[in-house]
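Asker: So the chains spell out like this:
There are 2 protein chains.
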Amino acid sequence: MKYDVRDIYQDFEFLVDQEVMMQGWVRNHRKQKEFGFIDFNDGTCFQNVQIVYDHSLADFEEIQKIRVGSALTVTGKVIRSPKEGQLFEVQLSSWQMEGDCPLDYPIQPKRHSREFLREQAYLRARTNLFGAVFRVRSLTAMAIHEYFQKNHYVYVHTPLITTTDCEGSDQMFKITTLDLNHLPMVDGKVDMSKDLFGHQAYITGTGQLHGEAFALSYKKIYTFGPTFRTENSNTKTHANEFWMIEPEIAFCDLEGLMDIEEEMLKFVVSYVLEHAKEEIAFFDQFVEKGLKAKLEKLIHSKFVRISHHDVVDILKKADVKWEFEPDYGEDIAKEHERYITEYFDGPVFITDWPKDIKAWYMKVNPDGKTVAAVDLEVPGAGELMGGSQREEDYQKLLQRIDEMHVNKEPIEWYCNLRRFGGCYHSGFGMGFERLLIYLTGVENIRDVIPFPRTPGNCEY
Amino acid sequence: MKYDVRDIYQDFEFLVDQEVMMQGWVRNHRKQKEFGFIDFNDGTCFQNVQIVYDHSLADFEEIQKIRVGSALTVTGKVIRSPKEGQLFEVQLSSWQMEGDCPLDYPIQPKRHSREFLREQAYLRARTNLFGAVFRVRSLTAMAIHEYFQKNHYVYVHTPLITTTDCEGSDQMFKITTLDLNHLPMVDGKVDMSKDLFGHQAYITGTGQLHGEAFALSYKKIYTFGPTFRTENSNTKTHANEFWMIEPEIAFCDLEGLMDIEEEMLKFVVSYVLEHAKEEIAFFDQFVEKGLKAKLEKLIHSKFVRISHHDVVDILKKADVKWEFEPDYGEDIAKEHERYITEYFDGPVFITDWPKDIKAWYMKVNPDGKTVAAVDLEVPGAGELMGGSQREEDYQKLLQRIDEMHVNKEPIEWYCNLRRFGGCYHSGFGMGFERLLIYLTGVENIRDVIPFPRTPGNCEY
Numbered sequence: 018m019k020y021d022v023r024d025i026y027q028d029f030e031f032l033v034d035q036e037v038m039m040q041g042w043v044r045n046h047r048k049q050k051e052f053g054f055i056d057f058n059d060g061t062c063f064q065n066v067q068i069v070y071d072h073s074l075a076d077f078e079e080i081q082k083i084r085v086g087s088a089l090t091v092t093g094k095v096i097r098s099p100k101e102g103q104l105f106e107v108q109l110s111s112w113q114m115e116g117d118c119p120l121d122y123p124i125q126p127k128r129h130s131r132e133f134l135r136e137q138a139y140l141r142a143r144t145n146l147f148g149a150v151f152r153v154r155s156l157t158a159m160a161i162h163e164y165f166q167k168n169h170y171v172y173v174h175t176p177l178i179t180t181t182d183c184e185g186s187d188q189m190f191k192i193t194t195l196d197l198n199h200l201p202m203v204d205g206k207v208d209m210s211k212d213l214f215g216h217q218a219y220i221t222g223t224g225q226l227h228g229e230a231f232a233l234s235y236k237k238i239y240t241f242g243p244t245f246r247t248e249n250s251n252t253k254t255h256a257n258e259f260w261m262i263e264p265e266i267a268f269c270d271l272e273g274l275m276d277i278e279e280e281m282l283k284f285v286v287s288y289v290l291e292h293a294k295e296e297i298a299f300f301d302q303f304v305e306k307g308l309k310a311k312l313e314k315l316i317h318s319k320f321v322r323i324s325h326h327d328v329v330d331i332l333k334k335a336d337v338k339w340e341f342e343p344d345y346g347e348d349i350a351k352e353h354e355r356y357i358t359e360y361f362d363g364p365v366f367i368t369d370w371p372k373d374i375k376a377w378y379m380k381v382n383p384d385g386k387t388v389a390a391v392d393l394e395v396p397g398a399g400e401l402m403g404g405s406q407r408e409e410d411y412q413k414l415l416q417r418i419d420e421m422h423v424n425k426e427p428i429e430w431y432c433n434l435r436r437f438g439g440c441y442h443s444g445f446g447m448g449f450e451r452l453l454i455y456l457t458g459v460e461n462i463r464d465v466i467p468f469p470r471t472p473g474n475c476e477y
Numbered sequence: 018m019k020y021d022v023r024d025i026y027q028d029f030e031f032l033v034d035q036e037v038m039m040q041g042w043v044r045n046h047r048k049q050k051e052f053g054f055i056d057f058n059d060g061t062c063f064q065n066v067q068i069v070y071d072h073s074l075a076d077f078e079e080i081q082k083i084r085v086g087s088a089l090t091v092t093g094k095v096i097r098s099p100k101e102g103q104l105f106e107v108q109l110s111s112w113q114m115e116g117d118c119p120l121d122y123p124i125q126p127k128r129h130s131r132e133f134l135r136e137q138a139y140l141r142a143r144t145n146l147f148g149a150v151f152r153v154r155s156l157t158a159m160a161i162h163e164y165f166q167k168n169h170y171v172y173v174h175t176p177l178i179t180t181t182d183c184e185g186s187d188q189m190f191k192i193t194t195l196d197l198n199h200l201p202m203v204d205g206k207v208d209m210s211k212d213l214f215g216h217q218a219y220i221t222g223t224g225q226l227h228g229e230a231f232a233l234s235y236k237k238i239y240t241f242g243p244t245f246r247t248e249n250s251n252t253k254t255h256a257n258e259f260w261m262i263e264p265e266i267a268f269c270d271l272e273g274l275m276d277i278e279e280e281m282l283k284f285v286v287s288y289v290l291e292h293a294k295e296e297i298a299f300f301d302q303f304v305e306k307g308l309k310a311k312l313e314k315l316i317h318s319k320f321v322r323i324s325h326h327d328v329v330d331i332l333k334k335a336d337v338k339w340e341f342e343p344d345y346g347e348d349i350a351k352e353h354e355r356y357i358t359e360y361f362d363g364p365v366f367i368t369d370w371p372k373d374i375k376a377w378y379m380k381v382n383p384d385g386k387t388v389a390a391v392d393l394e395v396p397g398a399g400e401l402m403g404g405s406q407r408e409e410d411y412q413k414l415l416q417r418i419d420e421m422h423v424n425k426e427p428i429e430w431y432c433n434l435r436r437f438g439g440c441y442h443s444g445f446g447m448g449f450e451r452l453l454i455y456l457t458g459v460e461n462i463r464d465v466i467p468f469p470r471t472p473g474n475c476e477y
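Protein chains in written order, with the numbering used here: chain A, 18 to 477; chain B, 18 to 477.
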């Protein structure tokens with residue numbers, strides 16, 4: 018009978034001494050004169066199965082020719098492994114080649130650099146590291162859905178194609194069906210009325226505005242989808258396409274928002290620790306020493322809540338030579354984020370930011386100087402979530418839009434949400450890849466996205 | 018204590034005679050001289066709560082001024098309703114206006130046409146119909162994730178930005194960061210090397226090719242994300258942005274694929290029937306009579322499996338005057354789909370299609386004329402899924418690419434999957450909106466997408 022390798026691990030006691038059929042790929046093949054070992058992986062779990070064979074098999078010589086990377090169907094008996102730390106092995110009885118693999122196969126059983134594997138994006142999930150990363154990506158996505166669905170949030174697919182620019186249209190990709198080499202012109206400008214939508218459209222950088230509309234229908238919603246930025250930035254944390262989670266909650270203030278962020282993160286971390294034991298153990302050993310302890314600690318910590326003002330106080334008092342001098346009216350730099358999470362030895366919510374450095378839709382506090390915004394800083398990964406209470410007062414919102422020179426026309430409907438039974442409400446955004454970097458210890462965003470898109474790089 | 022309305026319904030017996038606080042919106046307000054009724058909905062479930070009040074309240078006159086659409090915080094006692102078919106009502110004790118609503122609020126407690134509500138896309142989830150549709154959309158998305166995750170598929174986020182054209186680049190939106198009014202030119206053509214990625218990029222119409230790469234690492238994967246088509250088509254079933262699910266399974270042939278499709282669909286339908294009882298009852302009563310029976314029947318039916326050739330046989334023998342004459346070498350028309358699902362009185366898998374009308378990556382059958390492709394036709398909704406076994410033979414695949422004049426250069430990596438431990442594998446695509454149309458009975462794709470994008474229409 019056919020088995021996935023993960024099922025053999027799970028039902029091992031039941032399957033011992035039984036014949037099983039497996040289908041998968043050869044990760045390694047160690048040949049001796051009279052016997053051999055094949056490290057076999059079918060992708061259904063992190064672990065390989067060791068397949069053993071010896072020269073008593075009639076096709077011993079054929080077996081020895083099996084190359085790394087080949088796809089096989091194998092049948093054999095499950096036996097307790099004599100090897101320490103290895104639950105079982107499979108004694109080969111018969112096999113079939115499903116797909117051969119030549120000697121120039123790029124993924125050989127040796128240490129490849131991450132840079133090299135990035136260039137083999139279509140094959141790299143076959144390595145231990147990336148196999149683990151993208152399985153954790155899948156499980157983390159599920160954890161997020163589970164958290165919000167069990168709490169009865171409505172999952173909203175906000176549109177990707179948009180004319181509404183929340184983050185500024187210069188940061189958005191333009192899309193068109195027009196032939197760029199033969200653009201229709203009128204009065205020396207491109208006649209966008211000839212395009213499919215009749216005007217310039219973009220692919221979006223956020224679902225927040227549409228999410229708010231649905232939060233004012235369902236009370237609790239979340240989005241989870243791809244977003245795009247045109248930033249021409251080649252850092253470890255920037256990609257032009259990434260996934261975001263944007264929950265939005267009606268009748269929720271900043272304190273309530275922090276409660277949700279904290280509960281959600283703890284749920285997700287617990288879920289991953291439970292469902293990706295092997296992968297986390299691997300990251301802990303080979304990627305970030307202490308990762309598992311870091312994650313376990315987070316679950317049991319109480320996140321600190323402190324205002325931006327008080328954070329700056331702490332930074333100013335610190336006996337540190339800053340590259341960027343902390344300032345009450347300014348953003349905090351990466352070095353400050355690091356210091357403050359180390360100072361509190363855990364995750365920190367920083368609240369009440371200077372209004373001039375934050376977005377136009379955030380609720381201005383009674384002091385007139387700060388907004389009800391909150392960033393969550395976590396040890397080792399910096400800012401993980403950014404949220405705010407949204408300005409629910411129609412007149413105040415219009416005033417902020419004017420002050421900050423936001424193009425009002427495409428967001429009239431958004432402002433109208435404040436007129437038609439608007440209420441206090443809050444939301445946050447979490448970059449999914451930022452979360453994965455935190456969960457896996459893998460530092461470069463290019464290594465947690467299956468096929469990353471960065472400036473100059475849109476291969477595959 | 019604050020309660021979501023859904024929790025009051027669930028814990029009613031425990032809460033009866035207790036005071037509860039609720040936050041939500043006024044759907045309707047019926048005023049009598051000495052008392053009144055407010056239909057109150059907080060978005061957490063389909064049902065309203067009836068709030069009752071009378072003139073014994075000191076602010077009776079103020080209460081009577083509460084307008085439809087307003088956001089309120091209300092406190093009152095849960096009491097058993099004297100009204101048939103209504104579990105409980107809440108006797109108002111105190112309230113607070115959270116957000117008023119003017120009389121020109123577009124969503125009034127009367128029947129609005131779907132066309133009118135489409136123009137109010139940011140408010141329409143506050144109606145019974147769209148509130149139900151988008152909650153079912155959310156639950157259905159979760160059902161899909163649950164099915165694949167419980168069967169240990171890896172969820173893969175395939176890239177949206179791409180240079181690989183599986184469906185043909187003329188069907189894809191071009192994206193650019195260049196200023197269309199001042200394009201850099203070289204030799205009379207746009208110099209795309211100046212664009213962010215260094216060449217023309219698109220937003221994708223499928224994740225299949227990238228999905229196959231991951232299936233050949235993990236055995237079982239699925240995608241679930243937005244896809245785009247530039248089709249200038251204004252029908253009830255076309256949108257330029259929609260969501261797709263694309264599972265891909267290694268070591269799986271066409272029979273195995275049909276097993277998965279059937280099991281998955283039955284799981285999803287069962288999940289929705291269980292988790293969206295009120296919504297399904299509403300659709301059954303007001304949108305599609307017999308919907309619930311249709312869905313229940315599907316769960317218990319055995320899907321028919323029949324070849325395209327045999328379907329054409331049946332169509333030719335049918336005593337029907339066809340608009341399009343059925344033909345062994347041709348696609349089948351909507352009228353044929355309808356006939357064949359009625360003929361078998363249930364879902365039908367149609368297999369082994371003429372190769373000339375199907376895609377280049379499908380496995381050619383031994384007859385040399387047909388491909389191992391399968392479409393699933395369901396009663397009332399037509400084609401719900403389309404899948405195939407993929408050509409796993411490197412040389413045969415290259416030959417098909419040549420025959421069908423596919424641009425080979427950007428898909429070299431995809432072809433290489435056949436060289437490096439390729440194996441027989443299959444996959445299918447399911448349009449998420451097509452599924453929702455089937456599940457809700459709502460006929461127009463514009464009414465199952467929160468903010469639909471169709472030619473000339475990219476509002477909100």
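Since the hints were made in silico from the structure, they are not lab data. One thing to keep in mind: the hints can contain errors.
No copy is singled out in the list; a pair is fine if it fits within one copy or between any two copies.
[Claimed, not checked] Straight line, CA to CA, 25 Å or less: simulated BS3-like cross-link-like pairs of lysine-lysine:
# : residue 1 : residue 2
1 : Lys127    : Lys294
2 : Lys19     : Lys283
3 : Lys351    : Lys127
4 : Lys206    : Lys283
5 : Lys19     : Lys319
Everything numeric in this text was worked out from a predicted model, so none of it was measured.
Asker: Checking an output row: Lys351 and Lys127, CA cutoff 25 Å. Within, between, both or neither?
Answerer: Neither: 35 Å inside a copy, 54 Å across copies.
Asker: Using 25 Å as the alpha-carbon threshold, which applies to Lys19 and Lys319: within, between, both, or neither?
Answerer: Only across copies: Lys19 and Lys319 sit 24 Å apart there, 47 Å inside one copy, limit 25 Å.
Asker: When no copy is specified for Lys127 and Lys294, does a C-alpha distance of 25 Å or less occur within a copy, between copies, both, or neither?
Answerer: Intra 24 Å, inter 54 Å, cutoff 25 Å: intra-copy only.
Asker: Within a copy, between copies, both or neither: where do Lys19 and Lys283 come within 25 Å Cα-Cα?
Answerer: between (37 Å within a copy, 23 Å between copies)
Asker: Should Lys206 paired with Lys283 be assigned to within, between, both, or neither, using CA atoms and 25 Å as the limit?
Answerer: The answer is neither: 52 Å in one copy and 53 Å across copies each exceed 25 Å.
Hint compliance for this structure: hints 3, 4 are broken, all remaining hints hold.
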